[in-house]
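Going down the list, the protein sequences come from chains A and B.
Residues 1 to 202, numbered by our numbering, are exactly what the first sequence covers, in order.
Residues 1 to 249, numbered by our numbering, are exactly what the second sequence covers, in order.
Pairwise CB distance ranges (calculated):
| # | chain 1 | residue 1 | chain 2 | residue 2 | range |
| --- | --- | --- | --- | --- | --- |
| 1 | B | Gln36 | A | Pro176 | 17 to 27 Å |
| 2 | B | Glu210 | A | Arg42 | 55 to 65 Å |
| 3 | A | Gly74 | B | Glu180 | 19 to 29 Å |
| 4 | A | Ser17 | B | Glu180 | 34 to 44 Å |
| 5 | A | Asp55 | B | Glu202 | 53 to 63 Å |
| 6 | B | Gln49 | A | Gln20 | 38 to 48 Å |
| 7 | A | Arg101 | B | Gly59 | 20 to 30 Å |
| 8 | B | Gly28 | A | Pro176 | 14 to 24 Å |
Keep in mind that the hints were calculated from the coordinates and are not lab data.
From the three backbone atoms N, C-alpha and C, an ideal C-beta is built for every residue, glycine too.
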Amino acid sequence: MLESLSHPVPEAEFDVSDDQLIARTLAGESDAFSLLVRRWERPIYGLSLRMLGRDEDARDACQEAFIAAFRNLGKFRGEAKFSSWIYRIALNACHARLRDRRGAALSIDEEDEAGRKAELADTASEGLAERMSRDERSEIVRRALQALPPEMRQVIVMKEYEEMTFAEISEVLQIPVSTVKSRLYTGLQQMRARLEKLRGAI
Amino acid sequence: MRTTENNHAPGCGRQEQLVAYLYDEAGGDERAAFEQHLRACAACRDELQAFRGVRRELGAWQVPFTPPIRVTTPRPVREALGELLAGLPGWFKISSGLATAAAAALVLFALAGTRLSVGQGGFSAEFGRAASRQEAQQTTSPTPAPANEPTNATPMLTRAEAEVLIAEAVARSEAQAKREAQAQLASLEARLNAARRAELIEATNKLREEHRARINTLVAERQRPTMNEWLFAANESQEPAGGENEKSN
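Take these sequences, add in the hints, and give me the full structure.
Encoded structure:
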């Protein structure tokens, strides 16, 4: 049973390590966990959003990830970094959601792409390719990424947006570094093909 | 425009070196070797350039908003009610309807323990008695999870599952906590009644004093004109006598 703190954890305690916060949470200082969440919510949300492509899904996955982390904190033995552990939990939450919507998602993505092509063609007729807004570019990237197989996508997301090293990605996914590199290569290749295809539609 | 799929050199076999070079994670020797290779291999040069373009494109998707996750740990009922009472102003304690509603909300909050909600400003995950639920689940779990692989052994909760779990936890703890909560509420109500009675008596006394003071003032004001009247009456009783005398003179 968790016991309440007689005083809240000061916000400034950012020099405390993740492991210390975990130990304190397990010792009953549940406020320490909230500090851990505050520390990691941004990257975990970013990862979830880029994996799932939709804000609402990302929120749900992110929420599930932190609840699962809290529930399983006792099983975390510090052999890996907490960051790797929470990233892995979040990715599992994302994959579960992707599996749930796999059937419908394929057809939706295809429709989306057809619609996007038409929009891009309109844009081209106005000669606006150079002036394409950041939002539109962002949307194209989102769609191109969503069309990648999740195995490739997660590696690209971790490398590009979370700026993790090959070794860190390898630790999260528990696959060899060489596999990380080859998945990244294939992912980039597919992204290149998709982006060029979309540009070709202009 | 280039066609992509066939543009890389399939037989080159340096995909990993290319990726390591692209992300600046190649060691000194590896880097030098790959740079030397690049000078000779147009396909790799082309691919490197294309991947750099892909990376620039990827950079266009920035996440503008990070929803805050609020984690709160509710205090035990007794403590929460104590804090509530200590923090309430006197007028709030007197209006027992509000105080009781707040206390009931706190009791529910403490019972529920873990609450999930998605609001306009983001979502919130609130943890409380989840630890006790965690213990229960760990003891009933047929296959304990190995370290660092919680999600393989313990399936991830979907939102619906989490809500079901919470509902179950609430139902389980409700019976146990009901008596305590009722006792707490009864105690709270008794204290509120006592406080209300004391403050009512005080307020009544104060009102009575004010009323008395006001009456005194009114009486004083009433008395003054009476005195004037009396004085005027006294003067008048003398003046007409004089006037009549003058008139008569």
